[in-house]
Amino acid sequence: MLGARFVRPPGVAVVVDDARERPVTYLGRLPDGPIVVLQDTASVIWVQAVADEGPDVAAGVAASAGVDVAEIRDTVEQFLAHLVAEGLLLRVPPAPDQAEVPT
Amino acid sequence: MTEAAAVPLQVRVLMAHAAVQQIADAHGLDLLHIKGEAIDPALAAPDRRGTDADVLVRPSHVHELLAVLQGRRWSLQTTFRTGSPFEHAATLAHPLWGYADVHRTFPGITAPPEQAFDRLWVGSTRRDLAGVPCSVPSVPAQVLVLVLNAARSGWGRRDLEAAWWQAPPEVVAGVRALVRDLGAEVAFAAATGDLERYRGRRDYDLWRVTTQGGGRVEEWRARIKAAPDARSALVLAARSVAVNRDHLTIRLGREPTRREVLAEGFSRVSRAVHEVLTSRRTGRPR
Chain A
1 MLGARFVRPP GVAVVVDDAR ERPVTYLGRL PDGPIVVLQD TASVIWVQAV ADEGPDVAAG
61 VAASAGVDVA EIRDTVEQFL AHLVAEGLLL RVPPAPDQAE VPT
Chain B
1001 MTEAAAVPLQ VRVLMAHAAV QQIADAHGLD LLHIKGEAID PALAAPDRRG TDADVLVRPS
1061 HVHELLAVLQ GRRWSLQTTF RTGSPFEHAA TLAHPLWGYA DVHRTFPGIT APPEQAFDRL
1121 WVGSTRRDLA GVPCSVPSVP AQVLVLVLNA ARSGWGRRDL EAAWWQAPPE VVAGVRALVR
1181 DLGAEVAFAA ATGDLERYRG RRDYDLWRVT TQGGGRVEEW RARIKAAPDA RSALVLAARS
1241 VAVNRDHLTI RLGREPTRRE VLAEGFSRVS RAVHEVLTSR RTGRPR
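Note that the protein sequences, when read in sequence, are chains A and B.
If you read the first sequence in our numbering, its first letter stands for residue 1, the second for the next number, and so on.
If you read the second sequence in our numbering, its first letter stands for residue 1001, the second for the next number, and so on.
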């Protein structure tokens, strides 16, 4: 999923609680609910995905967790696909300066 | 990934603001998020957290907003008439987001409601609540709302300290202009300890009773006196002996029976008679 960029869907409210020991992200589908709670790594992945810190979400998660990106890439990308399918993340075209340059 | 029941109150309140804004946007309805989680962090008293989502709605949009909210899992808990002595807000509840108070006016503002909303709408901006851009009043207007709210609320005294007494000169000037434009002088003075300057004003007694306390008879007399015209005063006088069925329902946890409504009415009349007799004996103003 390199080159993808993610944003919060307009119909989803979000509250990130990263002040506690275990990070939690609350996602509320508007206007009726439900509220979906992402804990620990799930929360880190969602926050990293919308952080606009480059197209490689797995690399960002690996850096924040202090692990090798190769170990987690498949898991992260499967979870991102799941979030997109559930309507909790929106996949959008990469920003011009983030687009992969053909070699 | 779980759907947890134990979502913190602050999270639900933020999402309530976001949900109400989304519904308002979808229907072209104007509203301003006030108090609690919606206020500028620089104005909030330490440890102050909202327990519900308060919105001030353009008066001509109130009826439609209540209708569309009730079509989206919000249920009416108290009506404008039964919600408070000022009849300014209706309370709705949502199974996930919690409570929202829909204000059609704000106590202390005496300018005509639509005109007052227009004045508060000027300078309003958008502030992210739960990631959703929500309309909030200008900073001076937020301060004014907190000050007027402090006149009716013990908690609000802490807001007063943070929002008003520590406000920079440019904000103070903005608040004073709003007080004048919105006809909020008496309530503002009641909150800031200067009420006696307005002893001759029609709403002086109302704010004296509100800030210093008083019995039901005194409260109703002050409300009738503060009414803007004779017709409003007559309507209030007629209601003064009626039982607030919404509050009785909340207190009992179910719909009251006809006998319970009658008993409550008798109890209220008894209390009122007792207050009159007591005030005559003690010479306390009635």
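Just so you know, the hints here were simulated from the structure itself, not pulled from any lab data.
Bear in mind that the values here come from a model prediction, so they are computed numbers and not experimental data.
Hints may contain errors.
[As the list claims (entries may be wrong)] Just the calculated beta-carbon pair ranges, DEER-fashion:
(1) 70(A) to 1027(B): 45 to 51 Å
(2) 69(A) to 1118(B): 52 to 58 Å
(3) 1180(B) to 96(A): 35 to 41 Å
(4) 1072(B) to 22(A): 15 to 21 Å
We put the CB at the ideal spot given by N, CA and C, even for glycine.
Hint check results:
Checked against the given bound of 45 to 51 Å, the beta carbons of residue 70(A) and residue 1027(B), roughly 50 Å apart, stay inside it. Under the hint 52 to 58 Å, the C-beta atoms of residue 69(A) and residue 1118(B), about 55 Å apart, fit the expected range. Between residue 1180(B) and residue 96(A), the C-beta spacing of about 51 Å breaks the proposed range 35 to 41 Å. Checked against the given bound of 15 to 21 Å, the beta carbons of residue 1072(B) and residue 22(A), roughly 32 Å apart, lie outside it.
The structure does not agree with the numbered hints 3, 4 stated previously, though it agrees with the rest.
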